[in-house]
Amino acid sequence: MAALVILSVSGAGYPAETKIPPSKTGAAPGGPATDVSLRFSRHEGFSRIVFETTDEAFIKNSTVTAEKNLIKILFPTSLNLKAQGNVELETSVKGNLYTITVNNPFRIKVLKLSSPPRLSIDVIAAAKEEGRKPATVEGRGPDISPNIRVVLDPGHGGYEVGIVSGDLREKDFTFSLARSMEAALIKKNRTVFLTRKADQFLSITDRAIFANQKSPDVFISIHLSSANDFVIYTPAAEPASQDSAGELYGLMSRQRLYTEKSKALAEGLGNVLKEEFKGDIIFRKMELPLLASVGAASVMVELPIAVASDHSSKTKLAEILLKGIASYAGQ
Amino acid sequence: MPANKKRILLILVFILLFLGGIAGGFFYFSQLFGFKQTVETVPQEVKQGEDASFVRVYYPSEGRLIMEERRVKRQVAVTAIAEEIVSEFLKGPSNTAKSAVPSGTKLLGVYYGSDGILYVDLSDEFRRNFQGDALNEFLLLKGLYDSIISNVTGVDDVKVIIEGKEIESIGGHFLALYPLKNMLADVK
Chain A
1 MAALVILSVS GAGYPAETKI PPSKTGAAPG GPATDVSLRF SRHEGFSRIV
51 FETTDEAFIK NSTVTAEKNL IKILFPTSLN LKAQGNVELE TSVKGNLYTI
101 TVNNPFRIKV LKLSSPPRLS IDVIAAAKEE GRKPATVEGR GPDISPNIRV
151 VLDPGHGGYE VGIVSGDLRE KDFTFSLARS MEAALIKKNR TVFLTRKADQ
201 FLSITDRAIF ANQKSPDVFI SIHLSSANDF VIYTPAAEPA SQDSAGELYG
251 LMSRQRLYTE KSKALAEGLG NVLKEEFKGD IIFRKMELPL LASVGAASVM
301 VELPIAVASD HSSKTKLAEI LLKGIASYAG Q
Chain B
1001 MPANKKRILL ILVFILLFLG GIAGGFFYFS QLFGFKQTVE TVPQEVKQGE
1051 DASFVRVYYP SEGRLIMEER RVKRQVAVTA IAEEIVSEFL KGPSNTAKSA
1101 VPSGTKLLGV YYGSDGILYV DLSDEFRRNF QGDALNEFLL LKGLYDSIIS
1151 NVTGVDDVKV IIEGKEIESI GGHFLALYPL KNMLADVK
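So the sequence lines, in the order shown, correspond to chains A and B.
For what it's worth, our numbering labels the leading residue of the first sequence as 1, then goes sequentially.
For what it's worth, our numbering labels the leading residue of the second sequence as 1001, then goes sequentially.
Note that these hints are calculated values from the structure, not bench results.
One thing to keep in mind: the hints can contain errors.
As the list claims (entries may be wrong) - Computed footprint of chain A on chain B; a stretch qualifies when at least three of its residues, placed anywhere within it, have a C-beta under 8 Å from a C-beta of chain A: (1) 1068 to 1076; (2) 1108 to 1115.
Said to hold, decoys possible - Example chain B residues on the side facing chain A (calculated, C-beta under 8 Å, incomplete): (3) 1055; (4) 1061; (5) 1063; (6) 1166.
Said to hold, decoys possible - Pairs of lysine to any residue residues, derived as SDA-like cross-links and limited to a Cα-Cα distance of at most 25 Å, are as follows: (7) A:285 to B:1080; (8) A:274 to A:209; (9) B:1098 to A:166; (10) B:1142 to A:274; (11) A:263 to B:1136; (12) A:285 to B:1070.
From the three backbone atoms N, C-alpha and C, an ideal C-beta is built for every residue, glycine too.
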């Protein structure tokens, strides 16, 4: 299974989601030159440049920074580059420093992968991506308070596909919906984190640890339901009592101080879903380990396959779920 | 008696004595070293009149658990009883077209720990072919747990392992790293 590290930085005035350690610009390349093959491909809205080698440490120790109109990639040694096809970007190599010049506003997504070791950089045209964001989210409905921190958890991922129905795969839909919500929140300068930023497997424990590290106010795990109704799960954890203080140090009992908040968040989401979709909302308390492990108002929302299969519903769902968060946060 | 006839008679006596010695030796040594014919017992379906017992098996079906009584071969050992029950569980319910038990799953083994935990080792199909949401996964694990606990005395808890190894989760909603009892508290 390929290990995956995702970093994402922005250039040309766009705020960084994750900061990359600054490169040691001008550092002398250490050791002999490393053979690196370079691939370039252009996709709708972004260009991808991939550096592939046989040395895992070489990729691991490389750093990527984005400054103004420059993307700087600092490798541990100098490069013996073998380009496969044309690189349709303005690039230069000096020792162990590879530079890409981008004239339009952009942000980059950096992935470090293994088997084979490779560094993948997506140069995303900022203007185009903004064009894909759901316009309806902005300026409509109650707003989410600026100091609210949101963690969104797209269910499943990687080899764990989840529910499959025709062309619909749970791991893809949950990721796509979470990205739409993330984009809308970023546009409003709200703080939002995704537990996974690619099609990768992430364990339940890793999701909980990530969420707790971000100290969120709201945690929503997004899944699909086999039933025809929306299902909203809240943790079954009992509220903390005085003699249970010791247990709070354990990961599985972090929820105990937040059960009432989780219930309120579930009601906020349930109300807006019911209003928009006119269907029944099933509220269910269950000992789900992920919800029990997060120290925040936490719910798991399962969306009916029929709604998810409707390609036009994603934008609407993103808008509604954000309205639900705003409804909770405004209480 | 001519000399030739005497010689032939002596040769025949020697041959008979030699064969008798071989036969006697084989009999003696086979008793001494325990050479025995092995008889393979082939597992058979429980037939009418055979020593059998009824067990209650709980199957996930359409958002709930349904109970079916199944006739299985009477067993004494905890692991043997559990094997019979898990095998019946993996067959799925008899009265629904589509079983919620992941298809192709094989029982690889059942181990009983001194801690009272029964370890059920299933093939990877149990994880790979699972298709469902949180409730489906809950019912799958609860059905397996209830089927064992309600039929096998002395078992305190059940833990699922896949291909002999611990895995984090079967379907991405519940942890399989721990025994099931605490995880499967009733849904409200």
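Hint-by-hint comparison with the structure:
1. 1068 to 1076: Since three or more residues must qualify, the claim that chain A covers the segment 1068 to 1076 of chain B is violated, with 0 doing so at under 8 Å.
2. 1108 to 1115: Per the Cβ count (0), the hint is violated.
3. 1055: violated (27 Å)
4. 1061: violated (12 Å)
5. 1063: holds (7 Å)
6. 1166: violated (12 Å)
7. A:285 to B:1080: violated (36 Å)
8. A:274 to A:209: Cα-Cα ~32 Å, so violated.
9. B:1098 to A:166: It holds: about 17 Å lies between the C-alpha atoms, which stays within 25 Å.
10. B:1142 to A:274: Not OK: residue 1142 of chain B and residue 274 of chain A at ~30 Å, beyond 25 Å, violated.
11. A:263 to B:1136: At roughly 23 Å apart (the allowed maximum being 25 Å), residue 1136 of chain B and residue 263 of chain A satisfy the hint.
12. A:285 to B:1070: violated (32 Å)
Violated hints for the displayed structure, listed by number in ascending order: 1, 2, 3, 4, 6, 7, 8, 10, 12.
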